[in-house]
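Chains as they are written, first to last, in our numbering: chain U, 147 to 486; chain D, 186 to 628.
In short, the hints are calculated from the structure, not lab data. Check the hints yourself; a few may be wrong.
Said to hold, decoys possible - Here are some of the chain U residues that sit facing chain D, going by a computed Cβ distance under 10 Å:
{"no.": "1", "residue": "ILE227"}
{"no.": "2", "residue": "TYR257"}
{"no.": "3", "residue": "GLY262"}
{"no.": "4", "residue": "GLU271"}
{"no.": "5", "residue": "GLY276"}
{"no.": "6", "residue": "PHE293"}
{"no.": "7", "residue": "ASN295"}
{"no.": "8", "residue": "THR306"}
{"no.": "9", "residue": "PHE319"}
{"no.": "10", "residue": "PRO471"}
{"no.": "11", "residue": "LEU475"}
{"no.": "12", "residue": "LEU483"}
Ideal Cβ placement from N, Cα and C applies to all residues, glycine included.
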Amino acid sequence: MAQAAEGKRRGKPRLSNEPEGLGRDELLRAYRDMLLIRRFEEKAGQLYGMGLIGGFCHLYIGQEAVVVGIQMALGEGDQVITSYRDHGHMLACGMEARGVMAELTGREGGYSRGKGGSMHMFSKERNFFGGHGIVGAQVSIGTGLAFSNAYRNQDRVSVTYFGDGASNQGQVFESFNLAALLKLPCIYVIENNKYGMGTSVDRATASRDLSKNAAPWSIPSLQVDGMDVEAVKKAADAAVAHCRAGKGPFLLEMKTYRYRGHSMSDPGRYRSREEIQKMRSERDCIEGARAKLAAFDVDEAVIRGIDEDVKRIVQDSADFAQTSPEPALSELWTDILKEG
Amino acid sequence: MATQILMPALSPTMTEGKLSRWLKSVGDMIKAGDVIAEIETDKATMEVEAVDEGRLSAILVPEGAEGVAVNTPIAVLGEESAVAAAPAPTVAAAPVAAASHAPVAPVAVAAAAEKEWGATAPLSVREALRDAMAAEMRADGDVFLIGEEVAQYQGAYKVSQGLLDEFGARRVIDSPITEHGFTGMAVGAAMNGLKPIVEFMTFNFAMQAIDQIINSAAKTLYMSGGQMGCPIVFRGPNGAASRVGAQHSQCYASWYAHCPGLKVVAPWSAADAKGLLRAAIRDPNPIIFLENEILYGQSFEVPTDPDFVLPIGKAKVEREGTDVTLVAFSIMVGTALKAADALAAQGISAEVINLRTLRPLDTETIVRSVKKTSRIVTIEEGWPYSGIGAEVNMQIIEQCFDWLDAPPARVHGADVPLPYAANLEKLALPQPEWVVDAVRKLF
Numbered sequence: 147m148a149q150a151a152e153g154k155r156r157g158k159p160r161l162s163n164e165p166e167g168l169g170r171d172e173l174l175r176a177y178r179d180m181l182l183i184r185r186f187e188e189k190a191g192q193l194y195g196m197g198l199i200g201g202f203c204h205l206y207i208g209q210e211a212v213v214v215g216i217q218m219a220l221g222e223g224d225q226v227i228t229s230y231r232d233h234g235h236m237l238a239c240g241m242e243a244r245g246v247m248a249e250l251t252g253r254e255g256g257y258s259r260g261k262g263g264s265m266h267m268f269s270k271e272r273n274f275f276g277g278h279g280i281v282g283a284q285v286s287i288g289t290g291l292a293f294s295n296a297y298r299n300q301d302r303v304s305v306t307y308f309g310d311g312a313s314n315q316g317q318v319f320e321s322f323n324l325a326a327l328l329k330l331p332c333i334y335v336i337e338n339n340k341y342g343m344g345t346s347v348d349r350a351t352a353s354r355d356l357s358k359n360a361a362p363w364s365i366p367s368l369q370v371d372g373m374d375v376e377a378v379k380k381a382a383d384a385a386v387a388h389c390r391a392g393k394g395p396f397l398l399e400m401k402t403y404r405y406r407g408h409s410m411s412d413p414g415r416y417r418s419r420e421e422i423q424k425m426r427s428e429r430d431c432i433e434g435a436r437a438k439l440a441a442f443d444v445d446e447a448v449i450r451g452i453d454e455d456v457k458r459i460v461q462d463s464a465d466f467a468q469t470s471p472e473p474a475l476s477e478l479w480t481d482i483l484k485e486g
Numbered sequence: 186m187a188t189q190i191l192m193p194a195l196s197p198t199m200t201e202g203k204l205s206r207w208l209k210s211v212g213d214m215i216k217a218g219d220v221i222a223e224i225e226t227d228k229a230t231m232e233v234e235a236v237d238e239g240r241l242s243a244i245l246v247p248e249g250a251e252g253v254a255v256n257t258p259i260a261v262l263g264e265e266s267a268v269a270a271a272p273a274p275t276v277a278a279a280p281v282a283a284a285s286h287a288p289v290a291p292v293a294v295a296a297a298a299e300k301e302w303g304a305t306a307p308l309s310v311r312e313a314l315r316d317a318m319a320a321e322m323r324a325d326g327d328v329f330l331i332g333e334e335v336a337q338y339q340g341a342y343k344v345s346q347g348l349l350d351e352f353g354a355r356r357v358i359d360s361p362i363t364e365h366g367f368t369g370m371a372v373g374a375a376m377n378g379l380k381p382i383v384e385f386m387t388f389n390f391a392m393q394a395i396d397q398i399i400n401s402a403a404k405t406l407y408m409s410g411g412q413m414g415c416p417i418v419f420r421g422p423n424g425a426a427s428r429v430g431a432q433h434s435q436c437y438a439s440w441y442a443h444c445p446g447l448k449v450v451a452p453w454s455a456a457d458a459k460g461l462l463r464a465a466i467r468d469p470n471p472i473i474f475l476e477n478e479i480l481y482g483q484s485f486e487v488p489t490d491p492d493f494v495l496p497i498g499k500a501k502v503e504r505e506g507t508d509v510t511l512v513a514f515s516i517m518v519g520t521a522l523k524a525a526d527a528l529a530a531q532g533i534s535a536e537v538i539n540l541r542t543l544r545p546l547d548t549e550t551i552v553r554s555v556k557k558t559s560r561i562v563t564i565e566e567g568w569p570y571s572g573i574g575a576e577v578n579m580q581i582i583e584q585c586f587d588w589l590d591a592p593p594a595r596v597h598g599a600d601v602p603l604p605y606a607a608n609l610e611k612l613a614l615p616q617p618e619w620v621v622d623a624v625r626k627l628f
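Just chain U, same shape as in the assembly:
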């Protein structure tokens, strides 16, 4: 459940009309979206192992509830921006699995026609602004998306995701200041998965509670169980309501966990197998949603149908990503500057 950050009594948002949790259909959708990300990432891991995906590849496995829960609170036209661990965000935004996977394999059918790769994908149509490879850079850019909404007086919010590692970057604090100063409708989401690459949060920051990191600017915040999609959705609803009411930015700290390495080449010596196993077996967001679905008496066949559907989409994306041709050699010289 969402809990107010300790010590933030003043300025704590009131969660009026709090929903009771997700209804049956919402929960089914959340389950399906989280499962799609999980299976997609597993497949990406396989393709990486086969040498079909090169370079860096940062998997989102374990953290699925965060993007799925937040996306459920957003509306048409709201923008999303994140770091390089971005595949889940793109799928949650409604981008096609085919286009994402084909970008991972560097093919013409990818969202950036093979020129961006895992860390650099965008979809104007789905309001997804990347995919950024420089830790923390997306935070000021996301603040700029919020700026553009405010400038145009549009009732849209921008959601800016970053990790616990990025939360120490100077420009994150610069962005908090700017967003609070200009009252920008920006939702900052720290995905605290406990490790910035191989460095645990405790070793990287003297801040013991990241949800308080924006307190000097009086930006309200919530610390949230990011392994529980219902808690995420509920907190996101509060943040979205705050922003849409013109009250300025909001910070969400999502306590989450990644099961896989930082990237594919991570030997993982900074944490124990037991720690990972414990999270997987006790806190997994997909298992959690499945257990809740049982309470709705959802027929097992419905669940199976979703599983099959997801499996089919992911396999199709993998097939497409291997059959889509590599970009034409002339692509080397396009998209450097716009005509004009």
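Starting from the known structure of chain U, arrange chain D on it as the hints suggest.
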């Protein structure tokens, strides 16, 4: 013993100013720290404080005098007892012609036919930049200006003077001193379709934000397969001002010109400034617009046509010649023109090219000139290593080596952090004589 009060300099680049008001009269007792007068330049208004004590015995420069050169005696402090009854002879305000910074009239003979814009009027570079922003902001509601001191203070160098009044705080935005953050924010706004003008108080401070400029603004179009343009202008003074030391005196031309995904513009004249800034704001790409603080106060003839605009990517032949091609940009165009005058006196006819844009480079104009003159000297204020001169000369070697009668040469700033001491600073920045010497070695 009488003490002279001298006209003070309000800024590193000020050479003259207006003595707008006397706050003390002859006969008044003055204590150190008293405000005795107000002076102003096109950039700022400031109070003059007395540093010495005594009775004001004479005012040498009357109120309202314009063009008072720095260090001109403006008043005399007598000793306590020596009350100067007789009004001192008033030196009228026509002192010391500001020698060095008189605008260099462009010896304009356009070779490559540039569009004829008709009538002109004199305008300072500072006003030209302001007028360009104002015109584009009137035409397009998506254009806004953000930077430190751009709004209420009217611009650290008064370039944005009046914009807050006309466009309001929504579109002329004072940023906190947080280059990395506000640059990234502007880049995000541009990615979502707005057209920000980001003013850096100087380009030295843009190093705080260079990640956002290169990694985010310049590369995203490519990385997104053409989806995500970033129509944004980064502008502000670049290069050496005067006596401000190494951290405030660097030329970033070659840093930015190195990077695909950017266009880099470096105006010299007020017409360049106005025409190119308007084009930059309209351009759908990220533009680095390198201004020069010393040029801000200089005036040039600028077309009065309300549609006046100049193309990015085209150099201008400022002066035609037959014996050597001088290639320069920004303030060094003035240096090149002075050198060309000196060379003419020695019987050498120099063609002077004002690059105007550094990326994309107008190699066609340079090559055409070198094929005529068979000699080239590049002039830049920045460091030589991997500099603009290195690039221009390499282009010449690649494209018209066989036309050369002498090795390409370059004149550049000394390869040192810029020193503060006046004599050392002068030794580090290209002077017209350096250009003359470099040219003479080619014959």
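To see whether the hints hold, each was checked on the structure:
no.	hint	in the structure
1	ILE227	holds, 8 Å
2	TYR257	holds, 7 Å
3	GLY262	holds, 4 Å
4	GLU271	holds, 9 Å
5	GLY276	holds, 7 Å
6	PHE293	holds, 5 Å
7	ASN295	holds, 8 Å
8	THR306	holds, 9 Å
9	PHE319	holds, 8 Å
10	PRO471	violated, 14 Å
11	LEU475	violated, 15 Å
12	LEU483	holds, 5 Å
Hints 10 and 11 from the earlier list are contradicted by this structure; the remaining hints agree with it.
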